[in-house]
Amino acid sequence: MSQIQVLSRVNSGHSDLVHDVRFDHFGTSLATCSSDRLIKIFQVQKDEHAGQTFSHVADLKGHEDAVWQVSWAFPLHGTVLASCGYDRKIIIWRQDGRQWSIVYEYVHDSPVNCISFAPFDLGRLMLAAGASDGTILVLSYQDDGTWAMKKIPNAHGLGVMAVSWGDPFFYPLNGKRGDTVTARLASGGCDNMVKIWRENGDNGAWPEESRLDGHTDWVRDVAWRINRLFEHTTVVSASQDRKVLIWRHDGHTGWTRDVLKVFDDVPWTLSFNPTGSSLGVFWGTNSMTVFRDSNGQWLPITETPSEDEENLGDESGHNTTSFSNGSHEAAMVNH
Amino acid sequence: MAVSTIHRTASVAWSPLNHNTVLLAAGTAAHQVDASFSTSSSLEIFEFNPGHLQADLPLRGSVTCKERVYKLVWSPHSSADDNTSHGGILIAGIENGVVLYSADAVLSQNQSAAEIKRLQSHTGAVHALDLSSLMPNLVASGSSESEINIYDLNRADVIPSGPKSYPLDEVTSVSWNRKIGHIYASSFSNRCVLWDLRKGDSIMKLQDSSTRTRYRAIEWNPDIATQLALASDDDHYPCVQIWDLRNASSALKTLEGHTRGILSVGWCPHDSSFLISAAKDGLVYGWNVAEEQRPEVVYALPQSKGWPFEVSWSPRIPSVFAVSSSDNQVKICDILGGAVQPDKANTAAPSNLEESFPGMQIGLSFQNATPQPSRTSQNIRKAPKWLRRPGALSFSLDGKLVRSFSEQEVAGLELSSVSSSKDRQFVEDAYFLDQCLGQDTLLQYCELQAEHCSTDQQKLEWEYVKAFYDSDPLFTAKRLLGMVISASSSTDPDSRSSSANLNGATGVANGLLRIPKGNDAEGAVANALVLGDVTAAVNLCLTGGREAEGLCLSLIGSEAAISPSFVNAREIFFASRGADLSKIIHSLLRQDAQSLLNLADSTQWREIALLFANYFPPAHFRPLIYQLSQTVESSSDRTLCAILSGNLETLAAICLETISSTSPSSSLFASLHHAVQKVLVLSRGVFGRQPAFFGKNSVRLLTEYCLHLAAHGESALALRFANLDSSNSLLWLKKQLQSTLPPASHRPLSNKLSHPSVPSPFEKRPNLVPTPAQNQYGNSYGGMQPTYNSAFPALKPVPQASGSYPGVVPPPIQNTATQPTFYQPLGPPPSPMSAQAFQNPHLPTSFPSYPPRSPSTNLAGSMHNRPEYQQGPPASPFVPSTAAVAPPPPTSGQYYDPTVQSTATAQPGFQDISPRVPSYQYQKPATGWNDPPSLSSLQNRRSTLSQDSPSAVAPAPISQPFPQLAAGTPIPIGTAIIGPPPPTANSDPSLVRQHSGVMANMMPNGTIPAYQHNGTTLSFPPLHSSATSNEVSSMSSPVQQTPAAEKPPIPSEYLPLSEGFAALFERTKARVSAQMDSYSMRRVEDVSKKLENLNDCLRHGKLSSTSLSGLSQTLQCVQNGDYGTGLQCHAALTTQCSFLEVGSFLPAIKILLQLAQRYG
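Protein chains in written order, with the numbering used here: chain D, 1011 to 1345; chain E, 60 to 1219.
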């Protein structure tokens, strides 16, 4: 049986709602961002004996309003983090030694809701961001140290809520995977649509490739499953209509749609694990469901509507500066 | 910012939530007249599609109506008697009552059916009209004379609302409470009256005696049941008051900012901290009315010319509201900016106006007189609730999951691990594969797999893979190919006589298309040919009337001796022959593989493959099979071809296709594992212990495999697999995996792995080791195929005598001459682990027994020795897959922790294997796997070469590029140097001993932190500005960490050690150079670099006392001339010390010792 085993619970130290959490590509650092305008960096403590938990290592200050999302660049490019927020800013941070500094800042016309670095396989340091005015911004790092920007205006009327880079190996144009990598983006927004964009290699433009119409309300998140094996590819989308839809493209004919689940409350965030075999859904105000790909079917593992409250009561006593190691009760659940 | 416009002066209503498309109904507003003085009125429905925003909303349907509308609401209700109206009911407040329209009828432009009901229930104009959001069948309407009616759409009847409120006054507005269904409020110019529908009476009256207000609009707080907003349209005191009924004596807060009377308020249903107001000053303000804050304007629309008399939030789209104004516009606005098309908006408007008012001059229109700023940043200054994601979650590489949670005002993080017992089999299989790779028990692995296969095809595939581990792969391949063709041929591995095969085969050949088969003479000849029995074929030809062919055939293989005239005659003869058999014979005679390939019926690929095997140079076999595989169609046959040709990439590609095309219902893990194990086992068969270079497809497979393992929390295992590839394509994966490992401590395996289900596989296979008979095949075929591998450029055969291998070498190595690739000097005897485990059960046998010979090709090594990393893996010795598993523990004390020991020895299947493998039974006590072969084990070899005995100075002939030179020239230099060691080398052993004792005492702890620091700070080059793909190469390109110039002196207590090894090195170098053995010279060069690592470690005091004393002992033995003991000491070092600590130089020392031994 599959199960989720809580290893530790800590106080993030954020004084407001945490909007995003992201492991880096090593799984050793964690970035969080919040309405308190801060980005916090945590280190995962790998000490086997003390259990696994987080220790706070840095606060990144630079946003002037809520920080909506963060994204780690592939470490090939150093320790680089991008963030976006309601203050209309996109900030790119880099760690040198123990110091974090801002290496790039861009102020858009409207709040920037989502941000995502391109996967390693594309071979370029690129990031995509979606804004409330419906624009998708694609920033790519140039050899001369500048950032070039492409805009997809009016990508989603009333706002882009989510961007996710495509499976670089997916190449439905000739039905054959893997010969070249193709830069694609999936995006979702306030027009209830999921759209697929493909970079035109010749002029760097981003024409719309597909339009996935199936939600009846705002699309809150999209996630593209990266895989190296299948001819087909999968995109999931979560919407205000409480549905999570699974879009599959077989590499030849086109996109098909399935309902993963209709939740009791709005599913807000989707996250695949690095292999794409697990899909986490954060829904409602505090709930999480993890699905696993079990022979082509997504089966839920466990739903955890906050069980150990008493544990938290313990946590809440701590202040922002102290980080409890969490309970060790979790460690003994399994073995 | 307005995103769309309707060019009407109209009262609007949004479609209810149950509509999937967002519609907006607009009824021509009463009390307004446009420039044309038209009195017509209409009810229209527009569509607002966020996916396709248009400057002008597209009209979806309209009907004309008799009266103009004061107020419009849209109920989702479908009346009981009229099931057709799914679109709901539009309720319009008119001059003396309300009218019910069917939205469906409006949409279908059905004029006659549009009006459902007309209630002339009021005496005055119905300005006040509201629909209960909780009970959408209840409509409240109010007009002059304090008239308030509640109409129930269900019962199609009016509910008495109770006594009129006195003094009689016009009801300016009504509003249903959004939280409590039976409460509603009504506003009069100077008071607000609250009603309870259940009581049928008013329950409360709000009145502001202190100020002069004239209430015009009322709106309940969408979240807080006791709060409502009252707007005053008094030009002297334009304000919005927020009242809380819990303290109804005065307003809670007052929103002041408009300069003229307020006409309408809208409380945002999706974020109650946000309220908009529209006033006669032409302004629409958005207010932050969050509880704890002072109200402030956070949003403003550009001023409009006409009065904005109505605002209404879209119930569905949180950021969107509509503003109706008297200047002939209904604007749809998005408070977050939305997507605006200002150009279109400005150009489309006039033309539309023209249409609406034919004959009118456009100049009369006023709405475009002052173009609005196309895009101002008009975002609401406070982040709205609907943008605030309540949380998120993220997976790490190693199967951990983090999510945010908020409880009791605490923003927390929860770390958990996701595990699935269902996938344990996957992990266990991987462990088993890894173990077999590490122990080189792959022959047995193949046998086991073949035995447990579900299908014949898979079994066959494993047989083919196994062929690479047989003494003579080509022979085994022939046997396998022949086995299928001749059904009666024995499967007994001993049946190697081709004539036996022939005898069995001739009878049962079945008809095939190209290569003749059958019971007739032609078929018999073909069969004999295919099976490689030339004599039989010639005989059959001669007796069967094919004398010419027979004679030609009899000369096959002696092409060089044939006179040109004969060749000419032969060509002429065969040119006249059209039969398939003759063509085939012709091709064989001419060594014309291409025509065979072209001719090939791909279903007969086996026969063709056999022809290739039998009549073409062995070196060409695999390339030819590769070409053949391109023509084969069936995927199963292609797999066999790919295996046969040893082409990993093709195999991986086919596996990928298979995985990709399999139905999703089959287990991904199972098929992934099947694919990977085949590719890896084959790669080991093809490349041996050489570093394997995987192509794109194999890398894809391996990457996926490793990621899945990591996701199961098996990063260490995944890293071992990733390290099998020595190209740079997996560099980052390795780094990622490495970083997930706990620093410098090795994972207890047995905790993670539950053993029982791992079979102790080899018990069922008693015949694990190649039989003598197989060895004989090796002999008989070995000699004639010296260039077997030469067609594969990736392999660079290292010339070296096979004799340097002990008898336990795995099968592939036994075929000495055919696969020179496998021979490296000082190559690792396989299966050290099992050997050790068997002999020395008390020694921990897991990772520490796998010290890599050279740190250069594994990741851990690359941290120290990055310069080595890229430097030509083909030439550098291969590191066993297990080497970089996990760095051994930092301190020896930890290492000898009994728990560690027990976990280490408890590897599944492990104990079962070793006793059953006879060849693993070393006579010698435990040695490192890379120790030189012991004499006793060498005796098992069919040939022992001179270099293995310490007395022999001359290396084996094959290992020498210039054997004659080496053997024949005693070389004066050599004799000069092979003398007593240089004085420096004679550094006093007692001194060393003394020092080592001192060192052991002196360095209790100091080394450990430094060392751990080394382990944890896995430094990646800081990424500077030019972050492009060439970073990858720079990553792995030589980076010398410490410039030589700045090296501090070695502490005096370590000097003897450093100097001792330096002396040994110099001595050995001199002798090796005297031998002119270029390969050994290269190794010596290598050693010199690594010795510098030792010096560095000494300089920085990084070595633990164990290492130091071990090194001293080793040096001492060597200085005494006892290389055997020295090597033993060295071997002990490899097991006792952390690899991270000593890995940078220990292998070099070993090479040094061995070289010194050989040449000393």
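Treat the hints as calculated values from the structure; they're not laboratory data. Don't take every hint at face value.
Unchecked claim - In the BS3-like style, the derived pairs of lysine-lysine whose C-alpha atoms are separated by at most 30 Å in a straight line are: (1) K1253(D) with K223(E); (2) K238(E) with K1071(D); (3) K176(E) with K223(E); (4) K238(E) with K1099(D); (5) K1253(D) with K444(E); (6) K1071(D) with K223(E); (7) K441(E) with K1099(D).
Results for each hint:
Under the criterion of a C-alpha separation no larger than 30 Å, the hint pairing K1253(D) with K223(E) is inconsistent with the structure, at around 48 Å. Of the pairs offered as hints, the one joining K238(E) and K1071(D) is violated, with about 40 Å between alpha carbons and a cut-off of 30 Å exceeded. A C-alpha spacing of about 25 Å is found between K176(E) and K223(E), which places the hinted pair at or below 30 Å, so the restraint holds. Distance restraint check for K238(E) and K1099(D): the Cα-Cα separation of roughly 38 Å exceeds the 30 Å cut-off, and the hinted pair is therefore not satisfied.
About 20 Å separates the Cα atoms of K1253(D) and K444(E), which keeps this hinted pair within 30 Å; it holds. Proximity of K1071(D) to K223(E) is assessed by CA-CA distance (about 60 Å); at most 30 Å being required, the pair is judged violated. For the hint linking K441(E) to K1099(D), the alpha-carbon distance of about 15 Å falls within 30 Å, and the restraint holds.
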